[in-house]
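Colleague: Each protein sequence line maps, in turn, to chains H and Z.
Throughout the first sequence, residue numbering follows this note's numbering, covering 1 to 408 in sequence.
Throughout the second sequence, residue numbering follows this note's numbering, covering 1001 to 1295 in sequence.
Everything labelled a hint here was simulated from the structure, so no lab data went into it.
As the structure is a prediction and not an experimental result, all values here were calculated from the model.
Yeah, the Cβ is synthetic: ideal placement off N, Cα and C, and Gly gets one too.
Misleading hints may appear alongside valid ones.
A partial selection of chain H residues facing chain Z, derived with a Cβ cut-off under 10 angstroms [what the hints assert, rightly or not]:
1. Arg148
2. Leu220
3. Leu221
4. Ile227
5. Gln380
Okay, the calculated bits of chain Z under chain H, using three or more residues with CB under 8 angstroms as the criterion [what the hints assert, rightly or not]:
6. 1048-1056
7. 1061-1074
8. 1225-1231
Stretches of chain Z that chain H covers, calculated by requiring three or more beta carbons in the stretch to come under 8 angstroms of a beta carbon on chain H [said to hold, decoys possible]:
9. 1102-1111
10. 1126-1140
11. 1236-1250
12. 1267-1274
Okay, here's what each chain looks like letter by letter:
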Amino acid sequence: MEEIAYIVHPAVVTLAGALLGALYFAFLRWQTQVGSQRVSLIVGAIAGAIGATMLTAPLGYCMFQGDQTSEDVMVGWIMVGLGLLLTLNIGSVVLWRYFRGQRLLPRGDTTPGAFRGRFGLVYALAVLSPTILVLVYFVYLPMFDTLRFSTFLARFGAPRTRFICVSNFSRMLGDLDYHSNLFLSFALSFGIIIIAMSLALLIASMLNQPIRGANVYRTLLIWPYAISPIVAGSIFGLLLGTESGIVNRVLDLTLGVKVPWLVTVPAAQISVVLASVWNVIGFNILFYTAGLQTIPKDLLESASIDGASAWQQFARITFPLLSPFTFFLIVTNTIYAFFDTFGLIFVLTRGGPTESTFTAMYRVYVTGILASDIGKSTAQSLILFLIVVGITIFQFRVGQRRVQYGNY
Amino acid sequence: MTESASSRFVFDPSAGKERPLWRRLIPQRWYAHLILIVSVVIITFPMFYALLISTQSNPEVYNHKFTPGSMFFENLHTVMVQRNMGRFMLNSFVIAMSIAVGKTVMSVLAGLGLVYFRYPGKWLVFGFVLITLIMPGDVLLIALYRRVVSFDAWPHPYVALTLPLLASATGVFIFRQHFMTMPPDLSEAAQLDGASPLQFLFRVLIPLSWNTIGALMVIMFLFGWNQFLWPLILLRDQNLQVVQWGMQSLTQNLEVGDNFGPMMMGVIITSLPPMIVFLILQRQFMKGFALTRDK
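Can you make the complete structure from the sequences, with help from the hints?
Modeller: Here's what the structure looks like:
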């Protein structure tokens, strides 16, 4: 059998991971001074070795073999890093629980009032099976397919596929068009979060005042939640039309200018942000109103007796206590910006002018459905998946720390 | 009232400093009303404008007339009959109702299985369901499409369309939490009376869960009605397409600019069903998530 030439040998990858894991856990041990030094090092090394290999080994370390480009090797290192991030985080949580004598696994069954009898498991399986079957067949298997096809050269309509290692990913590193699609997705979520959430917070604080007609105001303000992105895009297509649009009519009468909103470069992106903000603000108002009602009135009263100004009450009490809602909305607004804006852009600018309003999701549609490139589009889908995982972890890690601060 | 009446007869050093007239005329917290009214105007304006345009002909649109036009019935006819929106609305209604009912039924059953039975590894089952929250359908779009079209024995395209959307981690989570807040005495008593788990579900749990069920149904109906990308790529037969697809087809020749009236009529009729559902079930929705002011 022929010896495979490696640029980086698998043993080096594994050892590097183990070393990094051991170092990180030694650092954690030194920082917290909890638990045994030796156990920390061993668990860290094991977690590091698993992390370094868990994404690269299933592909047979192909990205580190002699015939690969330097971009492939770089993607290999990124995969090592992602694996490490995952296993070292899980490992540290598990070890922390172990050192503090907490249970490693959630308790099996604490429900009082469960049905007694020998057929509990059968019954439970019967009522759970519809959900589990649909999830396995239409979520887990497609997820597995997405992982698999991202390493393939595959097209719709073509029966043959070929394994091409991480080429679909390494080509992304130099694909400036794709970079700008990703950038637009992030910029869009940033714009939506900043504008739609701050306006929603302002409006919700006004709704929370003891004023007459608050329920009427609330109904009139949250209904855009029920409007689809397609409809939002259509309406803004009318409002922002160069000749037909009412916005340009007003600008023309007051300032004497007409902005070609949907067909020039920065204006088209701004139009997408405006339409998205309008579409999503009702949802934000709804949840901020709910959040403001959870804040105890006596806390604010005692603060005002102590002489805190309205702004101080907001900045020191209301806003920190609202942080669980803020984090929830950051996550949902980011998901909206990344995925749900597809329909809005589809009617508002059709991705134009010259692909300048393509989001990352729009790119997946164009590559996968219009150009039938399964391999490339599933690789792009996986980038989106990583972003979803990233914001979910962000919500859990940062969110929970702030929640604990707020939960008195 | 009594205070100001009595203060006339008592020497009061601040008598000259009582609230000036403009303060008494303007309602308290006028700034809140102001901000809210401005917000309501800005947020509802696009929809009102769409409603206005939906009655107009194209010359009227370009002249920016702010009175209802003459073309209401013509536009309605164009959209509903010529552009087939009536059919698309019916299609979407069938799809959205199937998704809403299917998701709710499956979530209620899964919630029952996760709360009212004892078996090892329950947390694993729950985790298996919950972790799918990080795998949104759009991420799986290409692989799911390939998997669905490679199977050619679907009884109807709508089965292929809706079945993959029926499982809901959110729904399962909501019903699990809801059932866990129910007093355990309920199921104890049901067991003493010899009720089976399904009898308990239908006689006790569901009657106590209408708010949650209503709330989930609203969310899921909106989810189904607003489906666009998945039907766009999956459905080949244009007669089977959904209302969102019909809506985007009305905007096709936007550049030519000859159809704003029908386009906005499309906006109105596409938005009416979700808004009606939302407004009628708003109480359910609010109560389900404990959002009302006086709870």
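Colleague: Given that the stretch 1225-1231 of chain Z was listed as covered by chain H, double-check it with a C-beta distance under 8 angstroms for 3 or more residues.
Modeller: holds (count 4)
Colleague: Okay, the stretch 1126-1140 of chain Z and chain H, do three or more residues pass the C-beta test at under 8 angstroms?
Modeller: With 10 residues in contact (Cβ-Cβ under 8 angstroms with chain H), the coverage given for the stretch 1126-1140 of chain Z holds.
Colleague: Is the interface hint for Ile227(H) satisfied, with its Cβ closer than 10 angstroms to some Cβ of chain Z?
Modeller: holds, 6 angstroms
Colleague: Can the stretch 1048-1056 of chain Z be counted as covered by chain H under the rule of three residues or more with Cβ-Cβ separation shorter than 8 angstroms?
Modeller: Per the Cβ count (3), the hint holds.
Colleague: Have a go at the Leu221(H) hint: is there a Cβ in chain Z nearer than 10 angstroms to its own Cβ?
Modeller: With Cβ-Cβ at 6 angstroms, under 10 angstroms, it holds.
Colleague: For the hint on Arg148(H), does the least C-beta distance to chain Z fall short of 10 angstroms?
Modeller: holds, 9 angstroms
Colleague: Would you say the stretch 1267-1274 of chain Z counts as covered by chain H, given the rule of at least 3 residues with C-beta under 8 angstroms?
Modeller: Three-residue rule met by the stretch 1267-1274 of chain Z, so holds; n is 4.
Colleague: Under a C-beta cut-off of less than 8 angstroms, do 3 or more residues of the stretch 1061-1074 of chain Z approach chain H closely enough to confirm the stated coverage?
Modeller: Answer holds; 3 residues pass the 8 angstroms Cβ test.
Colleague: Mind checking the CB of Gln380(H) against every CB in chain Z and telling me if the closest is under 10 angstroms?
Modeller: holds, 9 angstroms
Colleague: Would you say the stretch 1102-1111 of chain Z counts as covered by chain H, given the rule of at least 3 residues with C-beta under 8 angstroms?
Modeller: Satisfied; 4 residues make the cut.
Colleague: Close enough to count: is the Cβ of Leu220(H) nearer than 10 angstroms to one in chain Z?
Modeller: Hint holds; Leu220(H) Cβ to chain Z Cβ min 5 angstroms, cut 10 angstroms.
Colleague: Check, residue by residue, whether the stretch 1236-1250 of chain Z contains three or more positions whose beta-carbon lies closer than 8 angstroms to a beta-carbon of chain H, and give the verdict.
Modeller: Since three or more residues must qualify, the claim that chain H covers the stretch 1236-1250 of chain Z holds, with 4 doing so at under 8 angstroms.
Violated hints are absent here; each numbered hint is respected by the structure.
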